[in-house]
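Given next are the chains, with one letter for each unit.
Protein chains: 2
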Amino acid sequence: MRPTGKLLPEHGRAHNRSLVLQHLFHNGPSSRADLARSTGLTRVTISDLVSVLISEGLVAELGIRPEGKVGKPATLVGMRTEDFHVLAVDLADDARLRGAVMTLTGAVVARRSASLDGRTGAAAVAVLEELCADLLTAASTRPVIGIGIGSPGVIDPQGTVISAPNRGWYDLPLAQRLTATLGVPVYVANDANTHALGEFTYGGAVGDGLMVVTVGQGVGAGIVLDGMLVRGPNSAAGEIGHVTVVDDRDLRAGDPEPLLCACGRHGCLETLLSLPALRRATAAGTENSDAVLASVGRKLGVALAPVVSALNLSEVLLSGPPELLDGPLREAALATVRERTMPLIGQDLVIRTGSLDEDGALSGAAALVLNGQLGVT
Amino acid sequence: MRPTGKLLPEHGRAHNRSLVLQHLFHNGPSSRADLARSTGLTRVTISDLVSVLISEGLVAELGIRPEGKVGKPATLVGMRTEDFHVLAVDLADDARLRGAVMTLTGAVVARRSASLDGRTGAAAVAVLEELCADLLTAASTRPVIGIGIGSPGVIDPQGTVISAPNRGWYDLPLAQRLTATLGVPVYVANDANTHALGEFTYGGAVGDGLMVVTVGQGVGAGIVLDGMLVRGPNSAAGEIGHVTVVDDRDLRAGDPEPLLCACGRHGCLETLLSLPALRRATAAGTENSDAVLASVGRKLGVALAPVVSALNLSEVLLSGPPELLDGPLREAALATVRERTMPLIGQDLVIRTGSLDEDGALSGAAALVLNGQLGVT
DNA sequence: GGAGTTTGTAAGGAAGCTTCACTAACAAAC
DNA sequence: GTTTGTTAGTGAAGCTTCCTTACAAACTCC
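Top to bottom, those sequences are chains Y and C.
The numbering of the first sequence is my numbering, which starts it at 140 and goes up by one.
The numbering of the second sequence is my numbering, which starts it at 140 and goes up by one.
Hints in this document: simulated from the structure, not taken from any laboratory.
Do not take every clue at face value.
Any copy will do: because identical chains look the same in the list, a pair fits if it lies in one copy or spans two.
Restricting the straight-line Cα-Cα distance to at most 20 Å, the calculated cross-link-like pairs of lysine to aspartate or glutamate (DMTMM-like) are [as the list claims (entries may be wrong)]:
(1) Lys-208 / Asp-173
(2) Lys-211 / Asp-173
(3) Lys-145 / Asp-173
(4) Lys-145 / Asp-187
(5) Lys-211 / Glu-200
Whenever a hint applies, use it, and build me the whole structure from the sequences.
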């Protein structure tokens with residue numbers, strides 16, 4: 140599908156407005172003249188945009204800049220990041236839905252959760268809806284910008300869950316439905332994808348070309364290229380959990396036997412790299428657990444090498460328990476990718492654990508709202 | 140690097156103008172009312188845009204639409220694809236530079252080539268420049284929109300060759316330089332990348348999520364996602380030639396021995412999948428050449444599987460001699476990718492040979508110009 | 001021939017950005 | 001203490017771009 144869609148002057152306005160918010164979000168309070176310089180727009184236009192943002196309450200004047208330089212002192216304006224709330228929900232866990240009220244900077248203000256008790260389908264939607272309503276009351280002190288939801292499964296750009304087997308959801312227009320019933324903009328996306336977006340928005344991910352590998356019940360991945368989430372033609376980008384990494388044909392010393400995967404095939408990455416699998420492997424023989432982790436890391440590295448090469452990624456983040464991921468596993472993965480790619484590609488690559496780990500999924504969901512509602516990335 | 144850059148009304152205008160050209164290019168002659176319907180702009184705006192395009196000569200009125208329906212008969216307007224020329228140059232070959240004069244639809248009008256005779260660096264630039272001048276005279280019957288050049292190496296979005304070892308070019312602002320000396324807009328990009336763009340623009344690539352694997356002296360790849368070329372943070376996306384696909388640790392029956400690669404490492408994809416390697420392999424024992432090709436295909440499939448999964452690609456094109464690529468190699472690659480990815484991903488995947496093969500590189504270079512100069516993709 | 005439909009254009013208006021001109025408020029130099 | 005130069009922010013006029021409304025032209029169908 141080739142890019143289509145007309146571009147009206149008002150879209151340009153919205154873009155420029157996001158540019159201002161983007162700058163204020165990432166660089167902190169600035170003067171109007173600063174904004175003009177860094178966006179390339181004139182001071183007149185910036186003044187106009189800022190006055191609208193102030194009248195909407197998103198931005199406030201913060202007084203005169205302290206440092207005295209030559210010329211008229213600047214009036215600082217800043218985003219009121221603490222005066223609005225974003226609700227975030229993480230549906231990654233099969234048993235409990237975890238939610239939080241957050242400020243625009245990603246600070247958690249309150250937490251709520253709900254148990255699924257094995258419910259799926261419409262019943263699971265009801266639990267989610269109740270949790271959201273619960274969060275809405277918890278956030279009643281401040282206006283709520285929107286609700287972000289990270290869910291496992293394949294989800295299209297409009298927030299329709301195309302397929303989420305674990306929740307029993309198929310072709311479910313979740314975002315649309317919740318937006319209607321809750322009266323607040325709701326965004327839904329794949330959990331690994333939101334994770335990547337969260338790291339890009341809140342985390343220390345500086346450069347472009349970021350891939351976040353999320354290790355939980357299974358493995359997922361999200362990729363950010365050119366500041367945009369890669370979704371893929373069928374919205375199924377990032378589904379690397381079921382790539383074969385253990386061949387049953389070339390067993391070699393030290394390699395694990397290809398295990399049966401939930402998908403019905405053998406030797407998927409997910410049979411090695413997932414919390415259940417890692418816990419099983421490390422608990423059994425604590426003796427050689429480092430060796431096991433390194434072995435999994437090597438398998439991950441083998442799978443990553445072609446992706447890193449094809450996309451010229453600069454950073455791969457592993458998200459999950461650092462005690463499992465941040466040791467031999469990470470090191471082996473990095474070493475393996477470097478071994479298997481050309482120096483120009485592999486040498487500059489960084490593999491590290493996510494900077495938001497504990498609340499990574501929630502931050503990602505919040506970033507979804509920031510991105511959709513304010514254009515901030 | 141996060142997306143920045145102001146958006147002025149005139150940029151919107153340029154975008155909408157491209158939208159019109161895009162529609163005319165891909166859907167053929169249309170009425171103004173048709174254009175209005177498919178772009179979402181009003182008939183008034185379309186009339187205005189079309190009148191500008193007509194005054195520039197890019198578009199012409201073609202008379203009344205034959206089919207008589209109810210209402211006032213429509214006046215067809217169409218892009219004057221045959222009344223302009225694009226020059227394309229392919230630098231993939233180490234010995235000869237191949238160039239062509241093409242119409243906007245990619246039809247070759249004239250060919251020219253030049254021998255490098257081992258020249259590199261500035262001397263090679265001089266040969267290229269001469270070839271371009273030669274093409275310009277050959278194209279003198281019609282206005283030339285621009286020149287597109289596909290070159291091996293790493294090339295940044297501005298057309299600066301960051302590194303092209305085979306030509307001895309490093310940090311060479313080739314596009315800028317040739318634009319200045321030739322007085323025509325010049326675009327330069329990696330040959331595999333332009334190839335992908337060409338397939339997307341001219342070829343039958345319908346869906347999104349396209350990867351083109353170009354097999355020549357070496358292997359390269361170009362990826363088109365969301366209608367845009369993936370360049371990567373260091374402009375090195377697509378460099379899959381030096382991904383390790385043969386492990387020296389797990390030799391198994393039927394596997395080739397990991398060969399020394401030009402990059403100094405062993406077992407790179409390029410040591411198996413490149414014209415010299417394939418020719419050597421198939422010439423030696425014609426007996427089992429199918430088996431050898433299938434084996435290479437399997438190795439390619441192993442490398443592709445993670446990429447296809449991570450990006451949810453829908454189509455992989457193999458570009459090169461069909462007699463080598465379009466048989467057992469292609470089939471083995473497809474089978475292997477399907478074996479090694481989850482059904483949702485692999486089942487819909489198509490692997491085929493490029494539809495532009497003979498002049499694929501040239502078409503890609505031409506597409507570069509169309510894209511840059513007219514916004515047509 | 002009239003009614004209905006579709007195409008294309010003209011006129012007027014709203015939105016968005018720019019340039020030009022101006023005031024305000026400061027530091028540094030004399 | 002005054003002058004000079006710099007920087008910040010705003011107001012007015014103007015250009016571009018698109019839209020809505022209105023209308024004429026040209027066809028089919030009845």
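Inset, instruction - Sort out which numbered hints this structure fails and list those numbers smallest first. - result: No hint contradicted; all consistent.
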